[in-house]
Amino acid sequence: MKDRALLLLYLAAIVAATFVHEPARLAAALAAVLLLSGRRAPRVLGRALRAAAPFAAAVSLGWLAAAWWEQRPAGAALLRLNLRVLLMTCLTFALAARVDLQRALGFSRTLRFALVLAVSQVLTFRRLHADFRLALRCRSPRRVSTATALRHGAATGAWFLRRAEHDAGEIAQALDARGFFLDQR
Amino acid sequence: MHVPDGFLGPQTYLPAYGVAGVMWAAGLRRLRARLDAATLPRLAVVTAAAFVLMMITVPLPGGTTVHVAGIGMLAVLFGVWNAFLSLSLVFLLQALLFGDGGVTALPVNALAMGLVGSLAAVGAYGLLRRWSRDAALFAAGWAGTVAAALVMAGVLGLQPLLSHAPDGSPLFFPFGWKTTLPAVVLPHLAVGVADGALALLAGRFLAPRTAPAPPGRGPEAP
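Residue numbers (the working numbering), protein chains in the order written: chain A, 2 to 186; chain B, 4 to 225.
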């Protein structure tokens, strides 16, 4: 119940942020989110900046260049856009990170099971992907060439597809053995 | 193509949630109707595979990198509805667990990549399959990515028209179609080649070899 309420609060805050257009109010909301995050505020801000920066920077620089070329002001629009993006990303890391998604989405048994299985596999696959990347770096005394990176990408992709097929079979047998599909009928 | 929060206005994402909600309900109903010992784990694991495939970067000449999305591969191997649900779940996990993408962009990302991309991929595959299966697989991967990029460019370019301040300055994504169409679609013509290669690899090499790993042992690491 707490998780579902927190998820709803987060979604309401996200929607509200798209209806506020004054930079001062967006900045105040951002400050409030960071204050409410307490000691986690620097971490929340850092993660939000890292997550939002690539797309926001590309758009902002492009808009700045276009405004300079056409000799029109760009400051207010840029400030509003970046404050909103930062506020929404901070909200995600401050609120959504505290939500237990499996409980919050517990209204659908099928969705919850798919989510539990997917998250567990995602975490495993992410770790394995990091391992493969580090392994390639370890066995390459010089900078990895484009051809090697392409071959490694293809081999890693193929490995994950085969591993996915393999794991799907294993999980299906495990669920079947525990009577999961009998409970569903 | 994978848009974060804050770039799409409520005039876009609220109707998109309406459309995507109907599609998610239809997809879940189909999934429940066909629920057997293989469907649910397969969907979950394919979701995880799609998630990690999006982390694999492909180097491009000039020092930049792109990542594949696997839309065509998922659509051809697992069907449009499974690909749609699987990619939607990927975007949900990316948005809420890892802060990548966003919940306001989720329905647009899901509809563009999961639904339109998958339909384009399956359409291209169906058109070319009788002529050459390899060409059909490659075209499916390429068409899925490019179709999704086209939709995304269209939606992004719509933002300045839908939401702007009284002085005319944009409230959300600032560029119109003249900028978004070339800026989003052209790089994805190259990304489509990588996705085409992935679909070809998956369809040609992996599909016939889905069962060879002995029980209890996964494939050997690359």
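Check each hint, because a few of them may be wrong.
[To be verified] Partial pick of chain B residues on the chain A-facing surface, computed with a CB cut under 7 angstroms:
1. Pro7
2. Asp8
3. Gly24
4. Ala28
5. Leu99
Hint data in this document are derived by calculation from the structure and do not stem from the laboratory. If you're wondering where the values come from, they're calculated on a predicted model, not measured in any experiment. Just so you know, even glycine gets a beta-carbon here, dropped at the ideal spot from N, CA and C.
Here's how the hints hold up against the structure:
1. Because the closest C-beta pair between proline 7/B and chain A is about 5 angstroms apart, less than 7 angstroms, the hint holds.
2. Below 7 angstroms, beta-carbon pairs count as interface contacts, and aspartate 8/B has one with chain A at about 4 angstroms; its hint therefore holds.
3. Annotation: glycine 24/B was flagged as interfacial toward chain A, and the flag is violated, the nearest CB pair being 13 angstroms apart, outside 7 angstroms.
4. Of the supplied interface hints, the one on alanine 28/B is violated, with its beta-carbon coming no nearer than about 10 angstroms to a beta-carbon of chain A, more than 7 angstroms.
5. At a threshold of 7 angstroms, the smallest CB-CB gap from leucine 99/B to chain A is about 5 angstroms, leaving the interface hint in force.
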